[in-house]
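Peer 1: For reference, the chains in residue letters:
Number of protein chains: 2
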Amino acid sequence: MIKEIKGGVTAAQGFSASCTAAGIKYKDRTDMAMVYSKVPCVTAGTYTKNVVKAAPVLWDRELTDSDKKVSAVVINAGIANACTGEEGFSYCRKTSDAAKEVLKLTDSEVLVASTGVIGKQLPIDRIVAGTKVLATKLSDTVEAGDEASKAIMTTDTHNKQIAFEFEIGGKKCVIGGMCKGSGMIHPNMCTMLAFITTDVMIDKKLMLKALREDIEDTFNMVSVDGDTSTNDSVMLLANGLAGNEEIRDENSAEYALFKEALHGVTLFMAKSIAADGEGATKLFEVRVVNVNDKAKAKTLALSVIKSSLTKAAVYGNDANVGRIMCALGYSGADFDPYRVDITISSENGTEQLVENGVPVDFDEEIATSILKGKAVTALCDMKEGSAEATAWGCDLTYDYVKINADYRS
Amino acid sequence: MIKEIKGGVTAAQGFSASCTAAGIKYKDRTDMAMVYSKVPCVTAGTYTKNVVKAAPVLWDRELTDSDKKVSAVVINAGIANACTGEEGFSYCRKTSDAAKEVLKLTDSEVLVASTGVIGKQLPIDRIVAGTKVLATKLSDTVEAGDEASKAIMTTDTHNKQIAFEFEIGGKKCVIGGMCKGSGMIHPNMCTMLAFITTDVMIDKKLMLKALREDIEDTFNMVSVDGDTSTNDSVMLLANGLAGNEEIRDENSAEYALFKEALHGVTLFMAKSIAADGEGATKLFEVRVVNVNDKAKAKTLALSVIKSSLTKAAVYGNDANVGRIMCALGYSGADFDPYRVDITISSENGTEQLVENGVPVDFDEEIATSILKGKAVTALCDMKEGSAEATAWGCDLTYDYVKINADYRS
Chain V
1 MIKEIKGGVT AAQGFSASCT AAGIKYKDRT DMAMVYSKVP CVTAGTYTKN
51 VVKAAPVLWD RELTDSDKKV SAVVINAGIA NACTGEEGFS YCRKTSDAAK
101 EVLKLTDSEV LVASTGVIGK QLPIDRIVAG TKVLATKLSD TVEAGDEASK
151 AIMTTDTHNK QIAFEFEIGG KKCVIGGMCK GSGMIHPNMC TMLAFITTDV
201 MIDKKLMLKA LREDIEDTFN MVSVDGDTST NDSVMLLANG LAGNEEIRDE
251 NSAEYALFKE ALHGVTLFMA KSIAADGEGA TKLFEVRVVN VNDKAKAKTL
301 ALSVIKSSLT KAAVYGNDAN VGRIMCALGY SGADFDPYRV DITISSENGT
351 EQLVENGVPV DFDEEIATSI LKGKAVTALC DMKEGSAEAT AWGCDLTYDY
401 VKINADYRS
Chain C
1 MIKEIKGGVT AAQGFSASCT AAGIKYKDRT DMAMVYSKVP CVTAGTYTKN
51 VVKAAPVLWD RELTDSDKKV SAVVINAGIA NACTGEEGFS YCRKTSDAAK
101 EVLKLTDSEV LVASTGVIGK QLPIDRIVAG TKVLATKLSD TVEAGDEASK
151 AIMTTDTHNK QIAFEFEIGG KKCVIGGMCK GSGMIHPNMC TMLAFITTDV
201 MIDKKLMLKA LREDIEDTFN MVSVDGDTST NDSVMLLANG LAGNEEIRDE
251 NSAEYALFKE ALHGVTLFMA KSIAADGEGA TKLFEVRVVN VNDKAKAKTL
301 ALSVIKSSLT KAAVYGNDAN VGRIMCALGY SGADFDPYRV DITISSENGT
351 EQLVENGVPV DFDEEIATSI LKGKAVTALC DMKEGSAEAT AWGCDLTYDY
401 VKINADYRS
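Chains as they are written, first to last, in my numbering: chain V, 1 to 409; chain C, 1 to 409.
By construction, these hints were calculated from the structure, which means they are not laboratory data. Nothing here was measured: the structure is a model prediction, and the numbers come from that model. Be a bit skeptical, because a hint or two may be false.
Any copy, or any two copies together, can satisfy a pair, since identical chains are not distinguished.
Below, in silico cross-link-like pairs of lysine-lysine (DSS-like), each with a Cα-Cα straight-line distance of 25 Å or less [claimed, not checked]:
#	residue 1	residue 2
1	Lys402	Lys372
2	Lys294	Lys49
3	Lys27	Lys100
4	Lys383	Lys120
5	Lys402	Lys374
Looking at chain V on its own, in the form it has when it is part of the complex (with noise of 0.2 Å):
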């Protein structure tokens, strides 16, 4: 059984955190923030396939790679350290070599995380200065994990945490994370950073497949824009000290478990991402099920998820399923237009609009109300097969175009 507890990055024993307000670009709020194992972690990560990487992408990846047990992870928010050369690619070790330096690690390594604006410079001064008081303020309570995981966000409107409880012959374990994404969200490791923390004693090798078979039912079912970043990160860190028999067997009822409860957290999180996308004001779901082929599936529900138009409806609140049609129509999947039905759902009601692909004699209030939901789901019903997928996205409203239409200043 997996149960719901309060908190994120310092549910899991032994994980602590912290934040600081360093000045990197915001005023006022606090920008960095610092998460802490006392016990080194094994580690696994997925990153963006975007070709242009940030900087920390190809220190952290280079490090969940290895054989190098991690304790700590130093984010900020602000400047996101891609397209900076070399020069960005050091900031990444000297930022690293302050938190080793300040948290006496000598035989761990760090991860680092930057999100914000793509083509500046790291402070580096600030951000040194900022990882040292980060490792002062550590602490394990609640606070310093929901602290935390407001000081990594950027256009997000408010931070994204969750943690699950399940226990693993008789031992409780945890999983929690935080995570933020708003803008430049869309699959191919959805543009947004993760980070996962748990007590769990688990092969490195086994959590690593756990978590890139996941991210492609979660993560990379999210599209806000379109747009797949130079940034996007998944870092699941374990330190062992629930004490269970570490888990080997990817056959294992336990490893059962821990994918289910690692699920738990990302998908609330990819969710969260998606309802929280840039200037959103609903999270859209779109399901698409009865199809021959689960690639498939997969193509047609992204396909009508990334609709600029579909999303312009969705936002107006206007049920113009010719717009969900046609977006099926070129997801580049071939079926037979004919034979899909659509319904809407929200908090608000259920409304058949599409039968055999000509849109029915709706009930056009009634649809409206549906839409004025705060989670909207479009179900597309294939009728040709078993499989299934569903994504995740957000409507297209003015606000997305005032946030981006001058993000830098």
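Dock chain C against the given chain V, drawing on the hints supplied.
Peer 2: Below, chain C alone, put in the same frame as chain V:
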């Protein structure tokens, strides 16, 4: 030598046009148009690759793929006749039948085209009545072509037409046309209707070859919003009245000249559609040069032109060049990010923003002034080969959201 002349669809010998207000959706404006050739035409057509194809696309494709000749095109704006099943297809036949009857066509056919809302049935009685009116109002004047090009607009802010004159074997030849398109515009036969007429005598197969090759570098390099419509159609009608010896040799100078004139028409149309994208305040052009492969150059150019974040920054006159680097990076094409140079230009000047993948210390004021131009170009030099591609689009604005949040009402 190819010379631009006045007019559009009625510029070539033997072509006339008309329009009428049939009351399909809009009030106080014309919404139907007819193009007619007094001599039956050979035709070529290219259509949307969307799986969900509008009824008129199915109708026209069958016709232009056959050896049948065509004397007229009937177009309506307001309802797209897409997702309308067999009933919708039967309305194409009814419209064609009405036109054939009143135009007394016995051995030539009628193309039909629709643009507007998806998923609604046409008011066929009004369409048939309108078709009959259109046949009585045909005129070969420049004004008649002009008025026809206004009648086919939907969210377009102005009509779009052009014509060119050239000589083949001492005979004056003309090619001209009109198009519409503003939203739901994206490669794969971009979302629009284009009607091109010429009095050149040319072999049908050669004409189709010219059209197919041409649209790859013009219409299919346009994106307003990434949504590929159900109705995209380009139709080319040639009645042969120029009296030139029929063009039959694809290696002839005459064929090259015809292609050049056709390209003049399509390039104008593609750029006009991009600049008049829904809500657009400016034309945005992306040129990607010195790439080692033409297809890759197109992939890169289209990725930038489609990037919502880049488009919003262009709207805000914000030289946020990280977004262009990011969009190149997630295009799916592989390249060395630390080789890329990026320069922006417009009627207000030129400024280099990126050298070898890293932003240079450019003048923000100059960059903002350039971005305030009516036609802004981003030149991305990949420094790896000699292929290049250009894509056209526009900025992403509040008005795009406004127009599409409540399109149907």
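Peer 1: Are the hints correct? Go through all of them and say.
Peer 2: Right, here's what the structure says about each hint:
| no. | hint | in the structure |
| --- | --- | --- |
| 1 | Lys402 to Lys372 | both (22 Å within a copy, 17 Å between copies) |
| 2 | Lys294 to Lys49 | both (21 Å within a copy, 22 Å between copies) |
| 3 | Lys27 to Lys100 | neither (28 Å within a copy, 71 Å between copies) |
| 4 | Lys383 to Lys120 | between (50 Å within a copy, 23 Å between copies) |
| 5 | Lys402 to Lys374 | both (21 Å within a copy, 20 Å between copies) |
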